[in-house]
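Below, each chain spelled out in residue letters.
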Amino acid sequence: MLTFFKNFGKGILYVLVLPFLLVGLAIYGVVAIFIFLFLAVKGLILFFTGRSLYEDLPEDKEAKRRIAMQNGEVFEEKPVTDNIAHEEPQVSNDIDNDPTYVPEYLKTEILPNDKVEETSPEAEEEAPIEQVKEPEKIVENTPKNTQNTTILDINEEDDDDSDDSGVTIHFE
Amino acid sequence: MFSLIALSENDKRLIFALLIVLILVFVLIGYIGFLITRVMKWQGKKLDSLVADPVVTHVITTRKHFYHYARKKNWRLFFKQSYIAILIMVTGALVLLIRDAIAKDFTYNVIDHQKTGFGTLLFVWDFSGCFKRDGISLVLNWPKLINTPHFEMNAIVSYIFMISMIVGGIWYLVSLQALIARTIRMYQLSTKVFEKSLDGFNQNVQYKENPPANNTFPEN
Numbered sequence: 001m002l003t004f005f006k007n008f009g010k011g012i013l014y015v016l017v018l019p020f021l022l023v024g025l026a027i028y029g030v031v032a033i034f035i036f037l038f039l040a041v042k043g044l045i046l047f048f049t050g051r052s053l054y055e056d057l058p059e060d061k062e063a064k065r066r067i068a069m070q071n072g073e074v075f076e077e078k079p080v081t082d083n084i085a086h087e088e089p090q091v092s093n094d095i096d097n098d099p100t101y102v103p104e105y106l107k108t109e110i111l112p113n114d115k116v117e118e119t120s121p122e123a124e125e126e127a128p129i130e131q132v133k134e135p136e137k138i139v140e141n142t143p144k145n146t147q148n149t150t151i152l153d154i155n156e157e158d159d160d161d162s163d164d165s166g167v168t169i170h171f172e
Numbered sequence: 001m002f003s004l005i006a007l008s009e010n011d012k013r014l015i016f017a018l019l020i021v022l023i024l025v026f027v028l029i030g031y032i033g034f035l036i037t038r039v040m041k042w043q044g045k046k047l048d049s050l051v052a053d054p055v056v057t058h059v060i061t062t063r064k065h066f067y068h069y070a071r072k073k074n075w076r077l078f079f080k081q082s083y084i085a086i087l088i089m090v091t092g093a094l095v096l097l098i099r100d101a102i103a104k105d106f107t108y109n110v111i112d113h114q115k116t117g118f119g120t121l122l123f124v125w126d127f128s129g130c131f132k133r134d135g136i137s138l139v140l141n142w143p144k145l146i147n148t149p150h151f152e153m154n155a156i157v158s159y160i161f162m163i164s165m166i167v168g169g170i171w172y173l174v175s176l177q178a179l180i181a182r183t184i185r186m187y188q189l190s191t192k193v194f195e196k197s198l199d200g201f202n203q204n205v206q207y208k209e210n211p212p213a214n215n216t217f218p219e220n
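Protein sequences appear in the order of chains A and B. Using this note's numbering, the first residue of the first sequence is number 1, and each one after it goes up by one. Using this note's numbering, the first residue of the second sequence is number 1, and each one after it goes up by one.
One thing to keep in mind: the hints can contain errors.
As the list claims (entries may be wrong) - Straight-line Cα separation of at most 25 Å, SDA-like style, residue types lysine to any residue; simulated pairs:
1. B:Lys73 / A:Ala68
2. B:Lys196 / B:Ser49
3. B:Lys73 / A:Lys10
4. B:Lys192 / A:Pro58
5. A:Lys64 / B:Ala52
6. A:Lys10 / B:Lys45
7. B:Lys80 / A:Lys10
8. B:Lys41 / A:Val30
9. B:Lys45 / A:Pro58
10. A:Lys61 / B:Ser49
11. A:Lys61 / B:Gln177
12. B:Lys41 / A:Gly29
13. B:Lys41 / A:Val31
14. A:Lys42 / B:Lys41
15. B:Lys41 / B:Leu189
16. A:Lys42 / B:Ile36
17. A:Lys6 / B:Ile36
18. B:Lys72 / A:Ala32
19. B:Lys72 / A:Leu46
20. A:Lys61 / B:Lys41
No wet-lab data here; the hints were simulated from the structure.
Construct the entire structure; sequences and hints are all you get.
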């Protein structure tokens, strides 16, 4: 019963407000037609420039990028499509099965005047690999006049203040 | 001093019946209005899905930015929903215009009920002789039926025009209603999403529950 009277009250309210609502609706409808015409012209211009009226706004692109980052995906922005046919080089993305694939860090530029020493695979195998010498052997191989010298020795030897170029430091 | 209006039993019953009808009409209008507001709330929810991503990911952080962004999305969706309706109406108008240009007759009546109008498909009554005044009393007569639905070949352009206008007009009005519903929702969201409220916030309670990193509590 209460709902009945509520609806009765709402009905009276709607009847009283109806003329204003209709006027507002008519004004909004006219404004909407002008907005529609503006968007229609804009859509036509964008169509002939290769774009779309419904393309993502900058906020949409940034939101998609952030969502992709959150999901651990890579966000690839769709390229702007135009009516001009472009010839793109065919690049193989299959690294595992592409025999001609060379990583970027291994690519070197070879100039025309550079001579490339051609070595046979056998020669490369026989070439000895330099071994890292142990620290004791390094000490043994150092020149005798610098052996067993300390910083004190250096200071004693170098009393002449004018000559400061001969200071050397050794690690034992 | 006072002239009392004498009402017969029939008059009283008639007045009572009219009051009941009036109340029922208002209740019906109230239900129709309730239905319209429910549909508009449902239509307005569509805006949430349009603007959710930038708001949730904090791309949009101010009310003004949200308002400009939501308005663009709202008008784009209105265009997408209503361009077919506009095309239908424009097509109907073009058909009528071409017919008038070919026949060189711009007096073609599209609502006529006799030969060339859409009224040929409808029941038409003549209400001119309904109310007659006889002295003080008012005489009511039933309206006279002057047309029953029949098909006229000359009126085929009127049929195309009126049907396209009715269909396109209703479609456009529904799209317009959705636009208004989303605009209302836009205003609601622009205040609700970016609203800062300190209701229920007590700084001291908050501080006790979540002590600072150095674990020292200030002593007053």
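Within a Cα-Cα threshold of 25 Å, do Lys41 of chain B and Leu189 of chain B meet the stated pairing?
-> holds, 13 Å
Are the Cα atoms of Lys73 of chain B and Lys10 of chain A separated by 25 Å or less?
-> Outside the cut-off at roughly 33 Å; violated.
Can the restraint linking Lys61 of chain A and Gln177 of chain B be considered satisfied, given a maximum Cα separation of 25 Å?
-> Cα-Cα ~29 Å, so violated.
Pair hint Lys10 of chain A and Lys45 of chain B, alpha-carbon separation not exceeding 25 Å | Satisfied, since the Cα-Cα distance of roughly 24 Å is no more than 25 Å.
Proposed proximity, Gly29 of chain A with Lys41 of chain B (alpha carbon, max 25 Å) = holds, 19 Å
Does Val31 of chain A lie within 25 Å of Lys41 of chain B when you go C-alpha to C-alpha?
-> Given pair Lys41 of chain B, Val31 of chain A holds - Cα atoms ~22 Å apart, limit 25 Å.
Distance restraint between Lys42 of chain A and Ile36 of chain B, which requires alpha-carbon spacing of 25 Å or less | violated, 33 Å
Regarding the pair Lys73 of chain B and Ala68 of chain A, is the alpha-carbon distance no greater than 25 Å?
-> Distance ~22 Å between Lys73 of chain B and Ala68 of chain A Cα, so the pair holds.
Given the hint that Lys61 of chain A pairs with Ser49 of chain B, test it: the Cα-Cα distance must not exceed 25 Å.
-> Given that 25 Å is the threshold and the Cα spacing comes to 16 Å, the pair holds.
Is Lys42 of chain A close enough to Lys41 of chain B, meaning Cα to Cα at most 25 Å?
-> Violated, at roughly 30 Å.
Straight-line Cα separation of Lys6 of chain A and Ile36 of chain B no greater than 25 Å?
-> holds, 16 Å
Pair hint outcome, Lys72 of chain B versus Ala32 of chain A [Cα-Cα no greater than 25 Å] = OK: Lys72 of chain B and Ala32 of chain A at ~13 Å, within 25 Å.
In summary, the structure is inconsistent with hints 3, 7, 11, 14, 16, 20 from the numbered list given earlier, while agreeing with the others.
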